[in-house]
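These are the residues of each chain, in order.
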Amino acid sequence: MTKVDQFASVFRAASKTPFHYDPVQIGSVLVVTDQPEVEAGDFAGRVRSFLSVLERGENIRWNTVHGGQFSTVPELLELIERDRPGLICTFRHLHSDSWQWPYTLGEYVDVLTQATSTPVLVLPHPKRPSERAITDTDMVVGMTDHMVGDDALVNWAARFTADDGRLVLANVEDVLAFERFMEVVGKIPSISTDDVREQIEGRLLRDAKDYMGSCVRALAKAGLPLNVEEIVTQGHHLSEYRRIVDERDADLLVMNTKDDDQLAMHGLAYPLAVEVRSIPLLLL
Amino acid sequence: MRIAQGGGAQALEHIVPHVPFGTTMLFAAILAAMIMSLALEEKLHAKKSLIVGLFAMVSLLLGAILLPMPFGPYSIGGHDIAMPVYIPAVDWGVITIILGASLFVDVTSRSGLFTWIAIRLTKASSGDPVRLLWAYGVMTVVFSAVLNNVTAMIIVGSLTAVSLDRLGRREMLLGFLLTEGLLTNIGGLLTLISSVPNIIVGTAADISFVSFFMRSSPFVLVATVITIVMGMRLFDIRGLPDAEARAAAVELVSGFDENDGIESPGFFWFAAAMLILFIVAIATTSVLPYVSDLGMGFVAIGFALIMLVRYKHDVDQFYRTVDWDLLGFFGALFVVINVMEHAQVLALIGIGLERMIALGPMLGTGTVMVATSAFSAVTDNIPLAAMLSKIIAGIPMADGLVRPPTDPLWWAVIFGANLGGNLTPIGSASTLVAVTIIHRQGLRLSFMGFVKKAAPFALVQIAIAVVYVLWIL
Numbered sequence: 001m002t003k004v005d006q007f008a009s010v011f012r013a014a015s016k017t018p019f020h021y022d023p024v025q026i027g028s029v030l031v032v033t034d035q036p037e038v039e040a041g042d043f044a045g046r047v048r049s050f051l052s053v054l055e056r057g058e059n060i061r062w063n064t065v066h067g068g069q070f071s072t073v074p075e076l077l078e079l080i081e082r083d084r085p086g087l088i089c090t091f092r093h094l095h096s097d098s099w100q101w102p103y104t105l106g107e108y109v110d111v112l113t114q115a116t117s118t119p120v121l122v123l124p125h126p127k128r129p130s131e132r133a134i135t136d137t138d139m140v141v142g143m144t145d146h147m148v149g150d151d152a153l154v155n156w157a158a159r160f161t162a163d164d165g166r167l168v169l170a171n172v173e174d175v176l177a178f179e180r181f182m183e184v185v186g187k188i189p190s191i192s193t194d195d196v197r198e199q200i201e202g203r204l205l206r207d208a209k210d211y212m213g214s215c216v217r218a219l220a221k222a223g224l225p226l227n228v229e230e231i232v233t234q235g236h237h238l239s240e241y242r243r244i245v246d247e248r249d250a251d252l253l254v255m256n257t258k259d260d261d262q263l264a265m266h267g268l269a270y271p272l273a274v275e276v277r278s279i280p281l282l283l284l
Numbered sequence: 001m002r003i004a005q006g007g008g009a010q011a012l013e014h015i016v017p018h019v020p021f022g023t024t025m026l027f028a029a030i031l032a033a034m035i036m037s038l039a040l041e042e043k044l045h046a047k048k049s050l051i052v053g054l055f056a057m058v059s060l061l062l063g064a065i066l067l068p069m070p071f072g073p074y075s076i077g078g079h080d081i082a083m084p085v086y087i088p089a090v091d092w093g094v095i096t097i098i099l100g101a102s103l104f105v106d107v108t109s110r111s112g113l114f115t116w117i118a119i120r121l122t123k124a125s126s127g128d129p130v131r132l133l134w135a136y137g138v139m140t141v142v143f144s145a146v147l148n149n150v151t152a153m154i155i156v157g158s159l160t161a162v163s164l165d166r167l168g169r170r171e172m173l174l175g176f177l178l179t180e181g182l183l184t185n186i187g188g189l190l191t192l193i194s195s196v197p198n199i200i201v202g203t204a205a206d207i208s209f210v211s212f213f214m215r216s217s218p219f220v221l222v223a224t225v226i227t228i229v230m231g232m233r234l235f236d237i238r239g240l241p242d243a244e245a246r247a248a249a250v251e252l253v254s255g256f257d258e259n260d261g262i263e264s265p266g267f268f269w270f271a272a273a274m275l276i277l278f279i280v281a282i283a284t285t286s287v288l289p290y291v292s293d294l295g296m297g298f299v300a301i302g303f304a305l306i307m308l309v310r311y312k313h314d315v316d317q318f319y320r321t322v323d324w325d326l327l328g329f330f331g332a333l334f335v336v337i338n339v340m341e342h343a344q345v346l347a348l349i350g351i352g353l354e355r356m357i358a359l360g361p362m363l364g365t366g367t368v369m370v371a372t373s374a375f376s377a378v379t380d381n382i383p384l385a386a387m388l389s390k391i392i393a394g395i396p397m398a399d400g401l402v403r404p405p406t407d408p409l410w411w412a413v414i415f416g417a418n419l420g421g422n423l424t425p426i427g428s429a430s431t432l433v434a435v436t437i438i439h440r441q442g443l444r445l446s447f448m449g450f451v452k453k454a455a456p457f458a459l460v461q462i463a464i465a466v467v468y469v470l471w472i473l
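One line per chain: the protein sequences are A and B, in this order.
Numbering (the numbering used here) for the first sequence: 1 to 284.
Numbering (the numbering used here) for the second sequence: 1 to 473.
FYI, nobody ran anything at the bench for these hints, they're computed from the structure.
Just so you know, even glycine gets a beta-carbon here, dropped at the ideal spot from N, CA and C.
Some hints could be false.
[Claimed, not checked] SDA-like, lysine to any residue: derived pairs with alpha carbons at most 20 Å apart:
hint	chain 1	residue 1	chain 2	residue 2
1	B	LYS453	B	VAL225
2	A	LYS3	B	LYS453
3	A	LYS209	B	SER264
4	B	LYS452	B	ILE237
5	A	LYS16	B	ILE237
6	B	LYS123	A	HIS20
7	A	LYS16	B	VAL58
8	A	LYS16	A	ARG206
9	B	LYS47	B	ALA64
10	B	LYS312	B	SER264
[Unchecked claim] Simulated DEER-style distance windows between Cβ atoms:
hint	chain 1	residue 1	chain 2	residue 2	range
11	A	ASP194	B	TRP324	23 to 33 Å
12	A	SER190	B	TRP324	16 to 26 Å
13	B	ASN259	A	ASP195	22 to 32 Å
14	B	LEU40	A	PRO189	28 to 38 Å
15	A	ARG242	B	TRP324	31 to 41 Å
[As the list claims (entries may be wrong)] Some residues of chain A that are not near chain B, with every Cβ distance over 12 Å (derived):
hint	residue
16	GLY41
17	GLY57
18	ARG61
19	VAL73
20	GLY106
21	PRO124
22	PRO126
23	ARG180
24	LEU205
25	ARG248
26	LYS258
27	GLU275
The task is simple: from the sequences and hints, build the whole structure.
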C-alpha cells in the first residue's frame, strides 16, 4: 500500500494553509512603569510617539500606570483587569534593580505575559542607555519557528509596521532538532539518509514559504502600505534570530510566548526576551 | 500464441490426449485448492504470486509425471527452438500490457497530471458534498478506465480522505470511499485495458479496443449515474444548506494548490500529451499497420520506455514500483491453467458450463453471468476469467464457426467477472484498496459490514448488466 501513502502525501502537500488577514483592533493601550508619575508621563509620551502607527485608522485610548499605583503583582493585575487594555507597554524588572543583569525579565513581566491574554510590548529599560533610538516601527520582524497557520503573529506584526515600512516574516527551523533526527535516520538501514534529508529539508521550508506567499498576497489585497520580506531558513534558533534582527536593524520584534501545554513562557521566547534587550519586543 | 511442437509439428492447443478420469480429478482438486488459497490470501499472510507459484510448481511436476505434456523443442517460423514448457504456457501479450501500462501510469503520475486533474475537480465542486460525490464518482470511473481500477481507487480515495478532512465532513468519508470503490469496477468495464479480466477475455475473444468501448460505454454511463444516486441516498450525502456554508466550503477548497505536485511544467504538458497519444494508440492498435502485428503490449511498453527517458538515470526507482507480485501471479496462473488444460480439467468444467449454456440463449447466458458474478465475489476474478475464456473458446458454436467477439457469452463473463467484485471486499483488488483506505482512516468496517452496504449496489448493477447483455447489447 505504499502508493496509498504516496498519493495521500501528494494531496496533503497540496492542501495549503492560507493566511487570513484580520485587522487587529487595539482600542486602548496601557503603559505600565515603576517610575514616579511625571517621569511615567514622559515615558508614556515616548511610547506613544514610537507607536504612532497604531493611530492609523483607529482612535486609541492611552492610559498610564505609574510606580506609585502598585507594589505587588496582584495589584498590577487588578489595575489591568480594571482597564482591560488591548495592549500593555512596559519594560523589564519593574520595581527592581535587576535590570542591570540580563538574566530574567523580572517577576512582573513574567506574570503579565502569561496571566493575561493581552499582548505585552516590552521596551528597553529607561535607565539602560539604549544603543539605538526607539522612534518608529519602520522595520518590524515577526519571527517564529513554525509560522504556517500563525495568522495572529502576522496580523499583529502587520498592524505595528509603519506606513511604507518593511515587515520581515522570518521562519527559522531549528537545525539542532533536525540534525538529531537525521542522526537517528542515519542509523536505520532501510531509510536512505541523503534522500530523507533533502526531502524533509525541502518540504519543511516549502510549507513556510507557501504560507508566507499567501501572507504577501493577502496583505497586498488588503491594501496595507508596507513591504513584506520573507525569510525561511534553518539555523541555531537564538543566534539566527539575533542575526536577523541585527542585520536588518529591526525596530520591533514580534513573537509568540503562549504555549498551550505549559504555564511558563513558550520555549524559545523566554531566552530571546531576556537576551534581545536593545529593541522593543511584542510578546503575543 | 500459436507454437507448434517440434518434430511432429503439433499445435499445443490441439493436443487432446486421453487422460484417466482419476488424474483429471486430482488436478481439479489442485485447482480448487489454489482458488481456495487465493480466497484465503489474507488469512494465509502470503502473496498471490507465491501461492499460485507453488501450485504452478506442483502442477508442472505432477503434469510431467502423469500427463503427456508437450515438452519442446517448439517450431516457430520453421525453426526448432528449445524452451521450457512453462514459457509458451504464459500469455505474454497480457503480461506486457500490464507491465507497460503500469510503468507508463507510474511515470506519468510523477508529472503531477492526475493530482492536478483531481484537485481541479475538487475546486470545481466548490466543496459541496453532493457535487463532490459526482466529481469524484465520475473521476473514479474515468481513471479506472484510462489507468486501472486499483490506481484510480488509490488516487481518488487518498484525495477524498484529505479533502473531506479539510471540509470537516469526515462523517461522510465511509460513504464516499465505498461508493468510489464500487465505481472502480464500473469504470473497469469501460475499455479493454481497464481491468485484467477485460484484457484476458478480450484477448481470447479478439475484441478490439474500440468495439469494447462502444459496447460497454452505455452500460457504464447508466450504472455510474445509478450508483452515485444510490450512494447519495443510502449514505445520506446532502448538499450544503445555505449560502454561508457554501461560501465557507469554497474558501476551504480554494486552499488546495493543484500545482504543488508539478515538478516541471514542461514534463507536465508532455505527460498530458503522451496520455492522450497512449489512449489513441491503444484504441487504434488493431488497425495500425505493423503495430497491429506487435499488439497492445508493444504499444504499452513502448510508451512506458518513452516516458522513462525523462528519468533516464533513475529508471530503477520505477522498476521497484512495478507490482511484481501481480505479474508473478499472472505468469504462474497461466502455467497452472495450461496444465489444467492438459489434464482435461478445463474440459470437465466446460461440460458444466455447456449445460448452463444449453439452457438457452437468454437463460443460459444470464445464468453464466450470475454464476460468474457469484464466483468472482468470493474468489479472484482473474483466474476465473482466464479459465472461463479458455473454456468458452473451446466450446463450439451450434454452426461450428468460431465464437465471434459479439457473442453475449464473452460479455456475460466480462460483466460478471467485473461486477461480482462489488459483492464482497475481497471480490476485486480495487474494493480491497477501498477497504484498506477505510481502515487506515480509522473507520470500522467488517467483512459482513461491507457486504451489507455493498450488496444493494452490486445486485442492482448485476441486474442492469443482465438486462443490458441479454436484451440491449
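Cross-check of the supplied hints:
| no. | hint | verdict |
| --- | --- | --- |
| 1 | B:LYS453 <-> B:VAL225 | holds, 18 Å |
| 2 | A:LYS3 <-> B:LYS453 | violated, 26 Å |
| 3 | A:LYS209 <-> B:SER264 | holds, 19 Å |
| 4 | B:LYS452 <-> B:ILE237 | holds, 18 Å |
| 5 | A:LYS16 <-> B:ILE237 | violated, 26 Å |
| 6 | B:LYS123 <-> A:HIS20 | holds, 19 Å |
| 7 | A:LYS16 <-> B:VAL58 | violated, 55 Å |
| 8 | A:LYS16 <-> A:ARG206 | holds, 11 Å |
| 9 | B:LYS47 <-> B:ALA64 | violated, 26 Å |
| 10 | B:LYS312 <-> B:SER264 | holds, 16 Å |
| 11 | A:ASP194 <-> B:TRP324: 23 to 33 Å | holds, 26 Å |
| 12 | A:SER190 <-> B:TRP324: 16 to 26 Å | holds, 18 Å |
| 13 | B:ASN259 <-> A:ASP195: 22 to 32 Å | holds, 23 Å |
| 14 | B:LEU40 <-> A:PRO189: 28 to 38 Å | holds, 33 Å |
| 15 | A:ARG242 <-> B:TRP324: 31 to 41 Å | violated, 54 Å |
| 16 | GLY41 | holds, 47 Å |
| 17 | GLY57 | holds, 25 Å |
| 18 | ARG61 | holds, 34 Å |
| 19 | VAL73 | holds, 42 Å |
| 20 | GLY106 | holds, 42 Å |
| 21 | PRO124 | holds, 41 Å |
| 22 | PRO126 | holds, 46 Å |
| 23 | ARG180 | holds, 28 Å |
| 24 | LEU205 | holds, 14 Å |
| 25 | ARG248 | holds, 30 Å |
| 26 | LYS258 | holds, 25 Å |
| 27 | GLU275 | holds, 37 Å |
Comparing the model with each earlier hint shows violations of hints 2, 5, 7, 9 and 15; every other hint is respected.
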